[in-house]
Each structure stands twice: as structure tokens, then as C-alpha cells.
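Protein chains: 2
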Amino acid sequence: MTAEQTAVAAHPSREEQVLLRIEKARARKPKIREERVTLAHGAGGKATQTLVEAVFVDAFRNPALESLDDGALVDVNGGRMVFTTDSYVVSPLFFPGGDIGDLAVNGTVNDLAVCGARPLYLSAGFILEEGFPIADLRRITASMAAAAARAGVQIVTGDTKVVQRGSGDGCYVTTSGVGVLDRELTLGVLSVRPGDAVIVSGPIGEHGITIMIARGELDIEADLTSDTAAIHELVAALLDAVPVHMLRDATRGGVATVLNEVAQAAGTAIVVEESAVPVRPIVNGACELLGLDPLYVACEGRFVAVVDGSYADTAVEVLRRHPLGEGAAVVGRVEADPAGLVLLKTTFGGTRIVDMLVGDPLPRIC
Amino acid sequence: MTAEQTAVAAHPSREEQVLLRIEKARARKPKIREERVTLAHGAGGKATQTLVEAVFVDAFRNPALESLDDGALVDVNGGRMVFTTDSYVVSPLFFPGGDIGDLAVNGTVNDLAVCGARPLYLSAGFILEEGFPIADLRRITASMAAAAARAGVQIVTGDTKVVQRGSGDGCYVTTSGVGVLDRELTLGVLSVRPGDAVIVSGPIGEHGITIMIARGELDIEADLTSDTAAIHELVAALLDAVPVHMLRDATRGGVATVLNEVAQAAGTAIVVEESAVPVRPIVNGACELLGLDPLYVACEGRFVAVVDGSYADTAVEVLRRHPLGEGAAVVGRVEADPAGLVLLKTTFGGTRIVDMLVGDPLPRIC
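Just so you know, the protein sequences line up as chains A and B, in that order. Per the numbering used here, the first sequence starts with residue 2, numbered consecutively. Per the numbering used here, the second sequence starts with residue 2, numbered consecutively.
Chain A with its partners taken away, still in its complex shape:
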């Protein structure tokens, strides 16, 4: 292999990455064992992955879909564009720090952002249950409008359906988004390689725990709000500053699920230092009460970045300059072995495997 060929192998193009990932997914040939949909199929973890690969990818097959990124890279008007969608079924609809409205806007903006796109336009589809208060709908749309204004996007098209009382749960929102790529990027799990640093953009698990507390499932009161926010500016600052190999927002399934997806697809190990993971004490405390690991709890304004290891400190510095990145930290490193696994070095000096999320301890978190 010449030096040039080695470089190509280490940094495959977007097309090579997609093809490699499709090959890998096909080789896995996941089978779905359940006969009926369970809550776990919506949790973003192992069951969701199986459902997506065994049902949706199997039916729809095309390179843009099969890359299984947060958004699809497509060609429009002679340029590239990212297209993404997310449905929101969070319960309760209103919670400290946000509601289903700004969650739906920020979530789709963030899916575009972590694909390296500048978010431009959003659509919004509402499924309302008969009897839903118009005043609540106004609160939700006002919150969506404010979030859109903050993120610099326009909600340009929409739809409303109403289902009979008992066939819904107040209000479900599906947002889709389009954004454009202003930069040349080689973002993607297959750019990930041993020696890279793994960074999270701030303290994790705050959205998930806020929702659990808002549901009254925990007999505690806490000064905690959802981290829901549009992270496109923070992402852009990072992309401008350092060579980023992979970006993903840590929503359903949390940071642990993102890291597992990356380790599996990249065929590398990821070693995380537990003591380096930023978690607020209140989140840690709530997780202990609930028997949860914060690594699996959803964030709605945090992302995981894998960057060239020699730029780790610069990356954290750049992130910390932005209000949404104040708590950014290097949490681990990409290693060659054991391929496909995520290992956690615990504060007690042990090492354990961090698997994908199994089951759904936190249903309807977004």
C-alpha cells in the first residue's frame, strides 16, 4: 500500500463509508423475534436497531437510508442536502425547561446539525386527540415558533389530523427538516480510528431525568430542567476548529447507545473513563434511585463527537466557549481492541462492558 492508499483507507469517502456500512448491515441480517411491537422498539436501543434494520431498511433499501445516519444526504438542484424526520410523543407534553414543541424543533435541528448541515426549513405534522385544549396547542406552537426563531429556521409547511378521544394522547408532533452542507466533511463512523478522542458536549441525562421527575415517578423535587436546545452553532464552531470524525446527538438510548453504534459500525473499541463523564449530582442521585445508568439516559441538547486525538484539548476549549458547551469533556478514547465493544473504566478501578440499551426503562422520553 502506498502512503496515499493508506490515507484513503483511513479516511474513506462518504460513498465508500456508505457502501461499507451497507455491506456490514446486510451481513448482520438482523431478525426480529417478537410478533408484536413493544415499548423497547421505540427506546432507541437494541430493539429499535433490530426493528429498523429488519423491517424498514429491508423494505425501503437505498444508499441514503441504509447509511442509518440521523439524516439522509441527498442531491437537490445540483448540490447536497440533508433531510431528516422525527416523531415526538413525549409525556408529559410540558416539563421544566421545555415542551413537546421546542423539543420537536430542537430535535430535528440537531439531527441536521450532527450531519454537518446548516438547518433551513422545517415541516410540522400534528396528530391531535379530540378534546385537546386549544390553549395547550397555542402554547406548543408558540414554543415551536420561539425555538425556530432561536435556531434560525422557518416552519414552512404542516398538517393537522384529529383522532377520536382515546385513540391518541393529546398531541403528537412529527417534524421533518432540510439543511444544506456548507463544508466539505468526512463525518461518519467509518472515519473513526484508534487514537481518536471521544467528547461529550455537556452534562448528560438531564432531559430524561427531568421527564421522569415531571411524571411524578420519583418522589423527589429537584432544581433540574431539560437540556433541550438547538446545538447547530456549537456543532458549527467545532467543525470549524478541529477535524471531527463522527458526530451524533445523544437522545434515546443516551451516550451508551451512540458509543455502541459507533464501535459496532467502525469496528473499533471505545474506552470510557467513568470519572470523566460529566453528570450533575442530582442526575446521578435520581439515577441511583431509579436503578438507571446515566449513560443510557436521553439528552436533548448534547452530542457525542469523535475527533482526531491530537485535537482533543482544542475541541473541548472551543466547545466550552459556547454557553451550551460549558460542560464539555473528553470522556474516552477509540482503541483497536476489543473491536465493536464499549468498555467503561469505573471509578473503582474496574472495567466493564457497556452494552446497547435493552428494554425501555424510560418510555416516551421524546
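Misleading hints may appear alongside valid ones.
[Unchecked claim] These stretches of chain B come out as covered by chain A in the derived footprint (C-beta under 8 Å, 3 or more residues): (1) 50 to 58; (2) 61 to 67; (3) 79 to 90; (4) 137 to 151; (5) 157 to 164; (6) 205 to 215; (7) 350 to 357.
[Said to hold, decoys possible] Computed from the model, here is a short list of chain B residues facing chain A with C-beta under 8 Å: (8) T39; (9) L40; (10) H42; (11) A73; (12) S168; (13) P364.
[Claimed, not checked] If you anchor each label on the Cβ, the simulated ranges turn out as follows: (14) Q165(B) with L290(A): 18 to 26 Å; (15) K346(B) with R139(A): 39 to 47 Å; (16) Q165(B) with D220(A): 52 to 60 Å; (17) N78(A) with E222(B): 45 to 53 Å; (18) P134(B) with Q165(A): 44 to 52 Å; (19) A242(A) with G360(B): 54 to 62 Å; (20) D183(A) with E185(B): 43 to 51 Å; (21) P31(B) with A150(A): 18 to 26 Å; (22) R151(A) with G79(B): 21 to 29 Å.
Honestly, the hints are just simulated from the structure, not real lab data. Since the structure is predicted, the reported quantities are computational estimates derived from the model, not experimental observations. We put the beta carbon where it would ideally sit given N, CA and C, even for glycine.
Based on these hints, arrange chain B on the given structure of chain A.
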């Protein structure tokens, strides 16, 4: 006014049209009287219009949204693009001639088509109820894949959420779509003017009546299937052949609602000849049993076109050459007065006003 100015007034540009429509909508200042969402708010008629204008447009305000077309015209990569979304909550999920899957693909393809766009990419967001059979999900995705292949579009991105048993109704699907404009068009209600011909692309009401029969709400058996189909080719053939002033697919609220929207926005009258409206006898019979007017019953593969009056015959000829347009017919004419009203010349020689749909005689039709 010079001749040129007159021509401009008769054929306002897309921008002028949008601004005029925004002015008109703002002048109307619709107020929503209900405190809670009713099924009528999802029926596509008067209540939906009020909800959209009083809540959504009021919150999100931007020219692309305020034009209130089936899709939004936006700029991407230096060109124009149409972006649209629709949520599907049809009940039952499977019916003669289709299911929620092909309905969701065809519906979004058609929204792009009637904006004059060539459909390219679709997204799909699923909201599944816990316990939904995986086999049914496979049937739906297979049907979506087949519909996408027929329409020449790719489903490139998606999302799945699961809600607890009792918080949904099996499966809701939200599709969004993007398409590009290959032609220069002045499509839009403000291009509509007295002397124009009003055309429907085929027999109306078949989707709505099929759903009613499938629900067992009518004690009849009928050899009737939904008209769900992707009409983009039919639309393209028409656009290539004649000067089209307005296009809209006649879904919720039926042909009557489309015509009312056009008459209101264009400030013209529309006079429809009842005897010229293509309706199959079985649809007419079912409508009589149900006390419905076929003009209000949803189609999912038919559109209303307003074309330059002198091209009416050519337009019908072109449509009839395509299998989906075999039953196309000129059903009426645009007149100057009474502005904003739709009149029906009945087969008995009378004339009556056809108002917008009030209430929801056919909930969850799409």
C-alpha cells in the same frame, strides 16, 4: 393601466400572489371559538382552515407557510424546491385498493405534484401502539416500498416511536417529501380568472366511500376500491400540454372544499354543472344512504385543475390518455360574480351554493 400592467394584474408572479394571499388572510383574522379540538378540526373543511390560520399561521408566520399551498416553495442550493408533509391516521389501516402505507406515500407525492414539483425523496415517521403486530407493519412498509417504486421516489430517512397500549391506534404514519421544479410555472389561485375551465381528473369520492364501507358503517357490499394513486405523471402531462392556473388534489373535504378555497382566495365565482361531475353510481348510491354529497367526499388520486378556458378540451384529452385520467371531465367554469362563492347548477335546473365542509361526516379518512 397599460396593457402590460393589465397582463401583470391578470397573471401575478408567484411572489405577488403570495403577498396578496397573505394580505387577504390577515384581513380575515380568523378566530377560533372552540376551547377544545374537535374531529371537525381535522376534516379539512372550514374548521381546519380556521385552526390553521388562527393557530399555526399565527404562530409560525413566514411567506412560504402563509401561501397555504399543499407544499412550501423554498430555496435550496441556488434552486427552488417544494417541501411538504402529511400525517396519516386512516382507519381501518387496510382497505380495498390500499392501506395506510401506500396512502402515505401517494398523498405526499401528490402534494408535491400539484405544486408542480417532480417528487424525489420522502421521509417516514411511525408512531406505533404497543402490541401492534409486526406482520402488519411489514405489510405497511412493503406497500410503502411498492408505492415509492411506482412513483419513482426514495424513502431516505425515518423514525419510529412507540406509545403505550391505549395511547394510539395501531399505526400512524407521517410522510414528508421534497421535490424540484423542472418548469417555469405561475400555478396558484391568483392566476385563476373568469373564463377559466374547472376540470376534475376522474370520478370523485371513491376513497372516502371505500373507507366507510370497509368500516362496516354501511350495510352494503360494493365492488369499489380506493382511488389512492400517485398522480405526478398525470399532472406533468397536463402541465406540459396546457396553461394550468391552479392545481390541487381533492383529499379531505373533497372537491367542494378545493373549489371554495379557490373561489375565496381568487375572489371569483366558480359555477359547477352537477351533471358534468364524474361520480360512479355506487358512490352516488352510498352517498344517498349516508346523506352525503359526493362533492365533499375525499379522493386520494384525483385532482382539480383550473386551466385557461380555451384549452379545456385539450386538457381533458391529454388527461384521458393516461389510465389515471380516463374519467377526466370539465365540471365548471370560473366567473366574476358572485365573488368568493361556489354555485352548483343542479340536474333539476336549480342553482345552489356549495359551502365549505362543516363538521366531519367522515373522520379519519386519511
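Here's how the hints hold up against the structure:
Residue count for the segment 50 to 58 of chain B with a Cβ under 8 Å from a Cβ of chain A: 4. That meets the three needed, and the coverage hint holds. Coverage of the segment 61 to 67 of chain B by chain A holds [criterion: at least 3 residues with CB-CB distance below 8 Å; count 5]. Three residues within the 8 Å Cβ limit are the bar, and the segment 79 to 90 of chain B against chain A gives 11, so the coverage statement holds. Here the segment 137 to 151 of chain B counts 7 residues with a CB under 8 Å from a CB of chain A, which clears the bar of 3, and the coverage holds.
Here's how the segment 157 to 164 of chain B fares: 8 of its residues keep a CB closer than 8 Å to some CB of chain A, so the rule of at least three is met and the hint holds. With a threshold of 8 Å between beta carbons, the proposed coverage of the segment 205 to 215 of chain B by chain A is violated, since 0 of its residues qualify and at least three are required. Residues of the segment 350 to 357 of chain B lying with their CB closer than 8 Å to a CB of chain A number 0, which falls below the three-residue condition for coverage. Given the 8 Å rule on beta carbons, the hint for T39(B) holds: about 6 Å separates it from the nearest Cβ of chain A.
A least Cβ separation of about 5 Å between L40(B) and chain A falls short of the 8 Å threshold, and the interface hint therefore holds. The criterion of a C-beta within 8 Å of any C-beta in chain A is met by H42(B), whose closest approach is roughly 5 Å, and the hint holds. The restraint placing A73(B) at the interface with chain A holds, with a minimum CB-CB distance near 4 Å, inside the 8 Å limit. The criterion of a C-beta within 8 Å of any C-beta in chain A is met by S168(B), whose closest approach is roughly 4 Å, and the hint holds.
For the restraint placing P364(B) at the interface with chain A, the shortest Cβ-Cβ distance is roughly 7 Å, inside the 8 Å limit, so the hint holds. At roughly 22 Å, the beta carbons of Q165(B) and L290(A) sit within the given window of 18 to 26 Å. As the Cβ distance of K346(B) to R139(A) is approximately 42 Å, the hint placing it in 39 to 47 Å holds. Evaluation of the 52 to 60 Å hint for Q165(B) and D220(A) yields a failure: the beta carbon distance comes to about 22 Å.
Checked against the hint of 45 to 53 Å, the C-beta distance between N78(A) and E222(B) comes to roughly 50 Å, which is consistent with it. At about 21 Å, the beta-carbon gap between P134(B) and Q165(A) misses the expected band of 44 to 52 Å. Between A242(A) and G360(B) the beta carbons are some 58 Å apart, a value that agrees with the proposed interval 54 to 62 Å. For D183(A) and E185(B), the hinted distance range of 43 to 51 Å is not satisfied, since their beta carbons lie about 28 Å from each other.
Separation of P31(B) from A150(A) is about 23 Å and conforms to the stated range, judged on CB atoms against 18 to 26 Å. Look at R151(A) against G79(B): about 26 Å separates their beta carbons, and that is inside 21 to 29 Å.
Checked against the numbered hints given earlier, the structure breaks hints 6, 7, 16, 18 and 20 and satisfies all the rest.
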